[in-house]
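Here the protein sequences come in this chain order: S and H. Residue 18 is where the first sequence starts when you use my numbering, and the numbers rise one by one after that. Residue -5 is where the second sequence starts when you use my numbering, and the numbers rise one by one after that.
These are calculated hints, taken from the structure and not from any lab test. Treat each hint with caution, since some may be false.
[Said to hold, decoys possible] Label pairs and their computed distance ranges (CB to CB): (1) S:160 / H:331: 20 to 28 Å; (2) S:148 / H:305: 55 to 63 Å; (3) S:174 / H:255: 30 to 38 Å.
Where is the CB? At the ideal position from N, CA and C, for every residue including glycine.
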Amino acid sequence: MSELGKLYPDVLLDHHRAPRHSGRLPSPTHLADGHNPLCGDRVAVTLALGGGRVIDIRCEVKGCAICRAAGSMMAEAVVGRELGEVGALLSRFLSALAQPDAASSAPGDADGAREASAATADPTGASEWGPLAALLEARRFPNRRRCASLSWEILERALASPNGG
Amino acid sequence: MEMAERTAMAEAPPASGVYSAERLRLDFPALAQRVGGAPLVYLDNAATTQKPDVVIDAVARAYRDGIANVNRGAHTLAARASAAYESARYRAQRLIGAERAEEVIFTSGCTAAINLAAYAWGDEQVGAGDEIIATALEHHSNLLPWQRLCERRGARLQVIPLSREGEIDLERLSATLSARTRLVAVTHVSNVTGGESPLGEISALCQRVGACLLVDGAQAVARLPVDVRALECDFYAFSGHKAYGPSGVGVLYARRERLRQMAPFLTGGGMVEQVQAERSTYASAPARFEAGTPNLEGAIGLDRALEYLAAIGLDTVRAHDRALTRHARAALERVPGVRLVGAPARPIGVVSFVFGDVHAHDVSTILDQAGVAVRAGHHCASLALQHFGVEATLRASFAVYNTPADVDALVTALGKVREVFG
């Protein structure tokens, strides 16, 4: 697969074109918003939490394809899940995304080095991540990592900041 | 190419009238690499330029030959350091046409230069009820220092809006200027639209009410001849790294009358005359404003960079940049889906655009895979982007080594965006 094919695989483009759980909940229990000052991407996460679970979630994204897809895939990954699981997934995802990628920082022509895919180089393996593996490919584009992480960061803030608090 | 051959070429710039970007690019070793399997096409020169061998070698040589602190010590290396530093100041003075070397203050860059003016001059000369004028075209570094100054001094910041084309609205400027206006801060060349500001008219308007004029020359100094006396400006700021020199060095030109109005800002070594426990007296300009050990290797690199530019000739560079910018605007306008952002009367060196509804960052990543480096984002010019109603743009910006073929490579690479996003 080409480099671009890895950054923009069909699954990601599909979420970009038709984001799931898009918009805002009318009466969320928790919410947060924020933006990436570098590119102006904006994300708002509204949550309905109850019984220790994410009952419902909406993620509103104004930004690039990766940011839009990330919001959609994040919402899909956490809806219905227990809060403990969500917190663990969130931490695991953000730390996997933050891992240094040797290939992208190699000097000179990195074409050869980049052949090593982020998902396959990851000891945890692509299978464990399911569709989120596509998002982790942003790791190989250091200036695009924030596009993949922003919705998760806003989710984390939403979980910590009750509506009106 | 052999190093010897490359150096020889750098030391013998093209004879006047025989400009060849293809030949100049051989002076820049970083341009000879491949990115994404294709030759690098570097079109992000408004962010920073690549460096020619003469600059790289001069900085390396500064360390190899032995470094010393500037204006401190009487040994041979110290004397050499001081001479090299003042040589750079003299070079910068001649480049911008300053009357005296002391009017050229070295800073860590353009941002530091404008902040120095805002603190050292502004805090002394601007008070409650006074007004500062900036424009919606300004880079944050020529807006925020004035915002902060106004907050500190109880003054008022007025921001001049832009025309539909993205030009500074001179009528509004004229109507806003008053006896209360202490300073007008304006860019020489916009880092978003590439528009060259009508500084002659702006300067005349300032003089009518006795306002000072500060010009942000970050995008201009490596693109066109600058003559601070002809411009009749009070301050002129620029950085070295956008003019083929190293990062971490820049210049604030301050006309002598303004120097006299400026109080010391950063205090410490190298800027004092007599130090007493309770009260000290300070050196005169420029040392007065250059506290601490200066960036000698930066100044040495800047000296070589400005020498390199002067050898090509700024008139020649301007003609090259204008022609290339015209070519780029015409070529980009023909690409389906591309919309140019801003339509200045005199564009030079910079062109911003958006590509359909595909986000600038996505486009930029795709272009990068074809070896084409452009900037995507708000370019630290939020007010200008708000004016144009866009969150982010793509920006191609040119240098002495760019050719029409680079623009063609950009246009070809834009075709790949459709392959991904349909």
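Can you name, in rising order, the numbers of the hints this structure does not satisfy?
-> 3
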